[in-house]
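**Q** For the record, the sequence lines run as chains A and B.
FYI, the working numbering numbers position 67 of the first sequence as 67, with every residue one higher than the one before it.
FYI, the working numbering numbers position 109 of the second sequence as 109, with every residue one higher than the one before it.
Calculated from the structure, these hints are not laboratory results.
Note that this is a predicted model, so its numbers are computed, not measured.
C-beta atoms are modelled at their ideal positions from N, C-alpha and C, and glycine is treated no differently.
The reader is advised that the hints may include incorrect statements.
As the list claims (entries may be wrong) - Have a look at the derived ranges for each label pair, beta carbon to beta carbon: (1) Gln-95(B) to Asn-5(A): 26 to 36 Å; (2) Ser-77(A) to Pro-69(B): 26 to 36 Å; (3) Ile-80(A) to Gly-3(B): 34 to 44 Å; (4) Glu-17(A) to Gln-54(B): 44 to 54 Å.
One letter stands for each residue in the lines below.
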Amino acid sequence: GQQLNQSPQSMFIQEGEDVSMNCTSSSIFNTWLWYKQDPGEGPVLLIALYKAGELTSNGRLTAQFGITRKDSFLNISASIPSDVGIYFCAGPLHYSGGGADGLTFGKGTHLIIQP
Amino acid sequence: ETGVTQTPRHLVMGMTNKKSLKCEQHLGHNAMYWYKQSAKKPLELMFVYNFKEQTENNSVPSRFSPECPNSSHLFLHLHTLQPEDSALYLCASSQDSGQGIYYGYTFGSGTRLTVV
Numbered sequence: 001g002q003q004l005n006q007s008p009q010s011m012f013i014q015e016g017e018d019v020s021m022n023c024t025s026s027s028i029f030n031t032w033l034w035y036k037q038d039p040g041e042g043p044v045l046l047i048a049l050y051k052a053g054e055l056t057s058n059g060r061l062t063a064q065f066g067i068t069r070k071d072s073f074l075n076i077s078a079s080i081p082s083d084v085g086i087y088f089c090a091g092p093l094h095y096s097g098g099g100a101d102g103l104t105f106g107k108g109t110h111l112i113i114q115p
Numbered sequence: 001e002t003g004v005t006q007t008p009r010h011l012v013m014g015m016t017n018k019k020s021l022k023c024e025q026h027l028g029h030n031a032m033y034w035y036k037q038s039a040k041k042p043l044e045l046m047f048v049y050n051f052k053e054q055t056e057n058n059s060v061p062s063r064f065s066p067e068c069p070n071s072s073h074l075f076l077h078l079h080t081l082q083p084e085d086s087a088l089y090l091c092a093s094s095q096d097s098g099q100g101i102y103y104g105y106t107f108g109s110g111t112r113l114t115v116v
């Protein structure tokens with residue numbers, strides 16, 4: 001299966017700041033997904049990307065599917081306390097698969113917001 | 001009930017015990033998954049069921065045994081576990097459209113398993 005490298009591992013920011021994180025792969029992906037996990041809960045889908053170069057927003061969140069198809073970026077603007085959590089990138093486990101046969105996940109970016 | 005429901009939320013078991021984790025999805029999805037989440041590791045895919053057929057077993061030890069009696073229910077039977085099996089076990093479901101568009105998983109809240 002394909003592996004994802006996610007960075008940074010953790011971020012300590014002030015409320016109101018913008019946040020950027022990214023995910024890279026040694027292989028080409030045809031789908032990129034971004035999830036957020038709150039403590040004690042399962043991950044929740046934030047944004048799905050299906051096309052190289054695609055830029056998609058969900059409120060204050062914006063994600064991009066890299067042109068090379070080997071990376072993706074997630075930006076959060078004007079962070080608020082409820083943005084705290086772990087953000088994961090994910091993609092199909094097997095390139096030939098649509099994703100229904102399994103997803104591979106990055107290790108996550110821990111976002112911590114200091115008051 | 002909506003979404004994906006997992007029970008129990010917490011489980012403590014001895015190494016000689018037998019227990020089962022349950023997952024139920026109310027979304028009409030046709031694929032279900034078990035994932036293991038350990039500290040400082042990516043989510044690890046364990047099993048995939050597509051239309052109730054197991055299509056992926058990601059080299060999981062035989063002390064973990066999945067069961068999918070229908071497209072809404074998924075179980076993970078546990079026996080003779082080791083302390084290193086302590087983790088958060090997440091169930092997820094998805095809809096395979098079969099058209100190359102994939103909408104991602106809906107996860108349950110997980111079962112926090114501690115093996116003592």
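**Q** All hints are to be evaluated individually against the structure, with a verdict given for each.
**A** Checked hints:
1. At about 29 Å, the beta-carbon gap between Gln-95(B) and Asn-5(A) stays in the expected band of 26 to 36 Å.
2. Between Ser-77(A) and Pro-69(B), the C-beta spacing of about 46 Å breaks the proposed range 26 to 36 Å.
3. Between Ile-80(A) and Gly-3(B) the CB atoms are about 24 Å apart, so this pair departs from the stated range of 34 to 44 Å.
4. In this structure the supplied range 44 to 54 Å holds for Glu-17(A) paired with Gln-54(B), their Cβ-Cβ distance being about 45 Å.
Violated hints, in rising order: 2, 3; the structure is consistent with all others.
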